[in-house]
Amino acid sequence: MSIKPPAGKGLLPKLVIRPEYEVSDIAQAQISDVAHKLSLAERIWNINGVRKAVILLALVAAWQAYTVGFDVEPLMLPSFSISFMRLYNDLFYSDLIYKVWFSVKVLLIGYSAGLVLAALLILWATATRFGSDFIAMATAMFNPLPAIALLPLAMLWFGLGTASLVFVLIHSVLWAVALSTHSGFENVSPTLRMIGRNYGLRGIFYVLKILVPAALPSILAGMKIGWAFAWRTLIGAELVFGASSGSGGLGWYIFESSQNIDTDAVFAGLFTVILFGIVVENVVFRNIELRTVNRWGMQQ
Amino acid sequence: MKNIPNVLVRSEFEATEIAKADIGDVARKLTLFERIIGMHSVRKLSILVLVIVVWEAYTQLSSVSELILPKFSATAQALYQAVASEQLLAMVWNSMTVLVTGYAIGLVIATLLTTAATMTRFGNDVLSTLTAMLNPLPAIALLPLALLWFGLGADAIIFTLLHSVIWPVALNAHVGFMSVSETQRMVGQNYGLKGLVYVGKLLIPAAFPQILMGLKIGWAYAWRTLIAAELVFGGSISDTSEGASGGLGWFIFSNQMELQIAHVFAGLFTVILVGVFVENVVFNAIENRTVRRWGMQAQ
Amino acid sequence: MAERNGSAAGKKPAAAATQPILKVDGVTLQYKTKEHLITATYRVGFDVYPADRFVLLGPSGCGKSTLLKGIAGYMKPVEGAIRLKGREISEPGPDRVMVFQEFDQLLPWKTVKQNIIFALHNGGKTDTVAEAEEIAMEYIQKVKLTGFEDTFPHMLSGGMKQRVAIARGMAMEPDVLLMDEPFAALDALTRLQMQKELLQLWEDTHFTVLFVTHSIEEALIVGSRILVLSPHPGQVKAELNAHHLNHDNVGDKKFAKVQQHIHDMLFADRILEEDVKPGARG
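Chains as they are written, first to last, in my numbering: chain A, 112 to 411; chain B, 2 to 300; chain C, 5 to 286.
So here's chain A without its partners, still in its complex pose (with noise of 0.2 Å):
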């Protein structure tokens, strides 16, 4: 026995010996269930999308019994059941459906635009020290300002047309990309950055094949808050300045509705804009995920 209490530390409790003993024979027999699954009903309400169902359900009936139950004015808060047939009207018996493609046009070219340029610039600052230090100086000073704080200087430059439009976005989708895209290529570990160069990989092939995929997690992030800046400053521009571009997309929907206090309009025009907002960030994004982050389990 090589562990034994020091002396004159006889206080200190000793170990009780044992006998020891083994168990010959394991009855496996009288375990009923080692793993058995879960009831039916218990997995069903484990599904999370069964419960937030229930949950949107409840909100909505929540909103009609109000809006019936207490004669609420409907000029001031329609019920759902108006609403909700004043969107499906809208959409497909009137223009509504115009005015939101003519948005999402206008989307697709100011964010594709922007991610261009942040590409680009991005590009130059991995190349020279010059263009590293130029995008943090340009993004921490253009990054905290509103896109649409440039909406007047815009319809002066470039008149009151998509160009303005398209002109904000691409301001609203630069900066964000391109702020989190440079600070993910900067965090990229070493030890990958070796092993591409041992890989013999350099230029553009090192920033596609090494730099790009382990950034992607805070590239995707970027994306996300570029299309969040950029969906709200599109309605921000369209409700504000809609009225003289002409056509008029969504957030003119929404702001030639109230001011004809046509309520039902506005939420129906919510509703559009909600929906896709969801379609986008739920569908969209969370399948590029699903491919890339999630499936090299890289996710934050």
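Please keep in mind that the hints were generated in silico from the structure rather than gathered at the bench. Think of the CB as a built atom: it goes at the ideal place given N, C-alpha and C, for glycine as much as any other residue. There's no promise every hint is true.
[To be verified] Pairs of lysine to any residue residues, derived as SDA-like cross-links and limited to a Cα-Cα distance of at most 20 Å, are as follows:
| hint | chain 1 | residue 1 | chain 2 | residue 2 |
| --- | --- | --- | --- | --- |
| 1 | C | Lys114 | B | Tyr199 |
| 2 | A | Lys148 | C | Asn250 |
| 3 | B | Lys72 | B | Val84 |
| 4 | B | Lys72 | A | Leu264 |
| 5 | B | Lys202 | C | Leu205 |
| 6 | A | Lys335 | A | Lys148 |
| 7 | A | Lys335 | A | Phe253 |
| 8 | B | Lys45 | A | Leu264 |
| 9 | A | Lys163 | B | Tyr199 |
| 10 | C | Lys258 | A | Ile128 |
| 11 | C | Lys148 | C | Glu138 |
| 12 | C | Lys36 | B | Met187 |
| 13 | A | Lys320 | A | Trp235 |
| 14 | C | Lys89 | C | Asp51 |
| 15 | C | Lys129 | C | Glu142 |
| 16 | A | Lys163 | B | Gly124 |
| 17 | A | Lys125 | C | Leu205 |
| 18 | A | Lys148 | C | Lys36 |
| 19 | C | Lys27 | C | Met79 |
| 20 | C | Lys114 | C | Thr155 |
[Claimed, not checked] Some chain B residues close to chain A (C-beta under 10 Å, calculated; not the full set):
| hint | residue |
| --- | --- |
| 21 | Val101 |
| 22 | Thr102 |
| 23 | Ala133 |
| 24 | Leu135 |
| 25 | Pro139 |
| 26 | Leu149 |
| 27 | Tyr222 |
| 28 | Val279 |
Based on these hints, arrange chains B and C on the given structure of chain A.
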């Protein structure tokens, strides 16, 4: 048969004494110049100066119209004038009062929602349903409704600000709470933390990186919403303080209407300055004292 | 320590009269995943006496970590009972402090010293800051981290982090210290070092420790008594003595014989099922 090389057995050796002296400097300080060039702030500042010089030179030398692009000097002068005699600071103050009110109320509501969501599964489901629906809805789209419900006034803007703050803050804080590691939760319970003490002493610090991210996104949305709202309705909405009516957004819009482009630029500079101050001074200071010091920053 | 020493002092000479400090009696533990209900241990029973270095040994899937969580109070047994000093365990508490395998068990927003003070303060061990600080410094010195007391955990190496966790656990002077594979994530040399230090710390105060491991060698070195568990679900296979074995015996005949014996016991019937619950230990 291929010739496979054999192991070449050599004699062993051990170094008895390692000569330390003749290596020279093991580590040496960089020269002053090397260190100055290495400082980020110095490099950023020189780029800023360069941009200003190019801007001024371009507007001086080419015949670009003052209405398209004013000189930097004219802009600086307009900024000075606006601060000195046109109550620009009071307008900034108006904007910030509304912003801070909306942000603070938004935080309180977000905290309540997140607490409910953390305590019960029902609260959790309600919060995730609400955020999934309402987070993609730009706050500014609610402004027409807010004007209808609350009339022209600061209340309507505060309502839209609430919407822009609550969802990103609640969403991120909730995600943060959910992803606190199982080990840290067990440590907290092990030492007897329960209820609100457990939330305050364990969950909040452990989820702080995500909470902070939510606060920053909430701020960014609120700031953008406020400027957008003021751009249109500012003149009529926030004439709260003595004399100066409207906020920063209104300053930009009204000067644009009067084709005071140098003033528009001065207004934009002010927006940038406020934004840079909040993001790079306020939030950076919080980050330095918390997540960065604790080695917890997400990226 | 004061109360434990006090109670033990009175009965010091008569080892046979010493009562078990922890009694685990026919404990079955189950937990739910999204789809399944898993039985982790089935009617496991054992007694831990004061000053025991009691090891729970078994392959992956034998429920040893789950058992430790049950003792810590994070899970309730579906049958059987766990009693500490005669009281049935119903919730986590500072009388059974747990040291985890994961490095993130230290609160990253607190320094080394603050982590220990946090435990002492919230565990109700101390009333004043000065008192807590004094105890914290004493244990920091015990685990040889003097000079690092104001460092944040992210600056420490893995071995140092585990030392802080051990110091934090021991500073609480719990009735039993629960250690869940505390050295599993360390490199071999550091692990060896930490095992030696743990034994040295034990010699100072003879604290009671419950130690989970899947390494037979570590069990023999660290443990005084070893509970061998079968996998899926965990059931008691044997309880063996190892108080006569430590680092000095590694490689000698006696050690190798016990090692081989346990190995045969665990793997003879080939029920090593790594795929019982992927990603989970014990």
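Against the structure, the hints come out as follows:
1. At most 20 Å may separate the alpha-carbon atoms for a hinted pair to count; Lys114 of chain C and Tyr199 of chain B meet this at roughly 15 Å.
2. Proximity of Lys148 of chain A to Asn250 of chain C is assessed by CA-CA distance (about 44 Å); at most 20 Å being required, the pair is judged violated.
3. Restraint check for Lys72 of chain B and Val84 of chain B: the C-alpha separation of about 18 Å stays at or below 20 Å, so the hint holds.
4. Between the alpha carbons of Lys72 of chain B and Leu264 of chain A the distance comes to roughly 15 Å, so the proposed pair stays at or under 20 Å and holds.
5. About 30 Å separates the Cα atoms of Lys202 of chain B and Leu205 of chain C, which puts this hinted pair outside 20 Å; it is violated.
6. This hinted pair does not check out: Lys335 of chain A and Lys148 of chain A have alpha carbons roughly 38 Å apart, beyond 20 Å.
7. Straight-line distance between C-alpha atoms of Lys335 of chain A and Phe253 of chain A comes to about 18 Å, which keeps the hinted pair within the 20 Å bound.
8. Proximity of Lys45 of chain B to Leu264 of chain A is assessed by CA-CA distance (about 26 Å); at most 20 Å being required, the pair is judged violated.
9. Among the hinted pairs, Lys163 of chain A with Tyr199 of chain B is inconsistent with the structure: their alpha-carbon atoms are about 28 Å apart, more than 20 Å.
10. As the CA atoms of Lys258 of chain C and Ile128 of chain A are separated by approximately 18 Å, the hinted pair is consistent with the 20 Å bound.
11. A threshold of 20 Å between alpha carbons decides the hint, and for Lys148 of chain C with Glu138 of chain C the separation of about 15 Å falls inside it, so the pair holds.
12. Proposed proximity of Lys36 of chain C and Met187 of chain B is supported: the alpha carbons are some 18 Å apart, at most 20 Å.
13. With a CA separation close to 17 Å, the supplied pair Lys320 of chain A and Trp235 of chain A stays within the 20 Å bound.
14. Proximity of Lys89 of chain C to Asp51 of chain C is assessed by CA-CA distance (about 11 Å); at most 20 Å being required, the pair is judged to hold.
15. Taking the CA atoms of Lys129 of chain C and Glu142 of chain C, the gap is about 15 Å. The hint holds against a cut of 20 Å.
16. Our distance criterion of 20 Å between C-alpha atoms is met by Lys163 of chain A and Gly124 of chain B, whose separation comes to about 11 Å.
17. Distance hint between Lys125 of chain A and Leu205 of chain C is fulfilled; the C-alpha atoms sit about 15 Å from each other, no more than 20 Å.
18. Taking the CA atoms of Lys148 of chain A and Lys36 of chain C, the gap is about 9 Å. The hint holds against a cut of 20 Å.
19. Proximity of Lys27 of chain C to Met79 of chain C is assessed by CA-CA distance (about 16 Å); at most 20 Å being required, the pair is judged to hold.
20. Distance check on the hinted pair: Lys114 of chain C and Thr155 of chain C sit about 9 Å apart at the alpha-carbon level, within 20 Å; holds.
21. Taken as an interface hint, Val101 of chain B does not check out: its beta carbon lies about 16 Å from the nearest beta carbon of chain A, beyond 10 Å.
22. Below 10 Å, beta-carbon pairs count as interface contacts, and Thr102 of chain B has none with chain A, the closest being about 19 Å; its hint is therefore violated.
23. Against a cut-off of 10 Å between C-beta atoms, the interface hint on Ala133 of chain B holds, since the closest Cβ of chain A lies about 7 Å away.
24. Checking Leu135 of chain B against chain A: minimum C-beta separation of about 7 Å stays under 10 Å; hint holds.
25. Below 10 Å, beta-carbon pairs count as interface contacts, and Pro139 of chain B has one with chain A at about 4 Å; its hint therefore holds.
26. At a threshold of 10 Å, the smallest CB-CB gap from Leu149 of chain B to chain A is about 6 Å, leaving the interface hint in force.
27. With 10 Å as the threshold, the beta carbon of Tyr222 of chain B comes within range of chain A, its nearest partner Cβ sitting at about 7 Å, so the hint holds.
28. A distance limit of 10 Å between C-beta atoms decides the matter here; for Val279 of chain B the minimum to chain A is near 7 Å, and the interface restraint holds.
Of the numbered hints listed earlier, those contradicted by the structure are 2, 5, 6, 8, 9, 21, 22.
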